[in-house]
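**Student:** Chain by chain, the residues run as shown.
Protein chains: 2
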Amino acid sequence: MRIFISGPSGVGKSTIISEVLKRNPDIVLSVSYTTRKPRPEEMHGREYYFISPQEFEEMVSKGVFLEWAQVHDHTYGTSLDWVSRYEKEGKHILFDIDVQGVRQARERGFTGSYVFIIPPSIDELAKRLKHRGTENEKSFSLRLKNAREELRCWKMYDYIVVNGVIGQAVKDVQSIIDATRCSRTEMAGRIPWLQEIG
Amino acid sequence: MRIFISGPSGVGKSTIISEVLKRNPDIVLSVSYTTRKPRPEEMHGREYYFISPQEFEEMVSKGVFLEWAQVHDHTYGTSLDWVSRYEKEGKHILFDIDVQGVRQARERGFTGSYVFIIPPSIDELAKRLKHRGTENEKSFSLRLKNAREELRCWKMYDYIVVNGVIGQAVKDVQSIIDATRCSRTEMAGRIPWLQEIG
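Note that the protein sequences, when read in sequence, are chains L and H.
For the first sequence, our numbering gives the first residue as 1, with consecutive numbering after it.
For the second sequence, our numbering gives the first residue as 1, with consecutive numbering after it.
Repeated chains share a single entry, so a pair holds when one copy, or any two copies, can fit it.
Capping the alpha-carbon separation at 27 Å, the derived lysine-lysine pairs in DSSO-like fashion look like this:
| no. | residue 1 | residue 2 |
| --- | --- | --- |
| 1 | K171 | K127 |
| 2 | K155 | K88 |
| 3 | K22 | K171 |
These are computed hints drawn from the structure, not numbers from a lab.
Work the whole structure out from these sequences, hints included.
**Tutor:** What follows is the structure in structure tokens.
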């Protein structure tokens with residue numbers, strides 16, 4: 001099972017993802033490759049695989065990425081090999097992915113449940129972005145503009161979850177995961193006699 | 001929102017449906033038309049609209065049925081008018097529908113979540129059918145044969161729910177309903193600013 005989760009900056013996606021991972025020990029979070037430098041608390045292979053721009057370019061040219069994207073000054077990509085490796089072990093995968101990545105995954109016909117987290121309103125998102133202490137006025141406007149652009153891509157997704165009250169958003173994502181477990185494709189893999197009968 | 005639920009005879013579909021309706025007061029059960037005679041406890045317009053074979057034929061020829069099917073000696077049909085009337089009131093509809101009905105609804109491109117309830121195994125279904133006191137040996141074999149035929153249609157459905165432990169099956173259907181509430185189509189109707197932005 002594959003669950004793709006996107007949402008504009010400030011929407012609270014990371015909190016939702018970490019809550020969902022706690023509740024579903026059979027789901028692993030996809031680990032991407034990136035050219036950005038690790039932060040002190042980050043570990044190679046846990047948050048990301050930290051590689052050089054040269055290595056990244058080489059991987060792009062070899063076509064090993066399911067999707068990759070430039071975000072601010074750095075590139076991020078999801079390796080198809082990584083996905084196959086975990087799926088062979090029977091693991092379910094949750095992808096924390098941006099709209100550019102979803103577009104590419106969709107274009108490749110990569111199946112799964114695509115979930116878009118949205119704020120209750122644009123005003124509310126603006127408020128949340130403003131309250132992030134580190135933002136100066138310029139990066140605030142830029143982030144809000146980007147968020148608007150991203151929100152315009154809602155039609156690429158199967159599901160839309162409003163993050164108003166955090167508990168409800170987590171519940172909604174959990175329902176989507178539980179429903180996806182019951183999807184025909186998932187069940188066909190789990191119930192051998194269905195294949196035999198039909 | 002439309003939820004279609006099918007399952008072979010003996011699988012426990014009615015129990016699941018009545019549990020689900022109790023938990024979701026905003027969902028109404030579709031009331032079909034039938035040519036079979038009402039049982040003592042049944043009421044016209046509640047369990048079914050009881051009509052004559054002549055009236056039924058007339059409705060078929062006028063094309064008012066979303067789907068209709070012959071089951072044993074009687075015909076049953078879902079009226080498109082009935083569906084539109086409730087949907088205009090903003091109601092969600094649950095359809096208790098057989099595989100023939102689902103085939104027709106799919107052919108018409110009728111959108112919704114299609115759920116198939118299956119037993120844990122064919123043997124288990126046979127056991128359940130056998131334990132129904134009223135069945136004689138002949139109707140038992142016929143019902144088992146029909147159930148097998150119906151189970152072969154699992155690929156027409158979006159979701160498959162195993163009714164092993166009843167509580168779990170109800171939970172699964174509930175997750176499918178909650179996920180469907182978050183589906184792009186449903187959310188697009190509920191969140192005006194999404195339409196405006198994209």
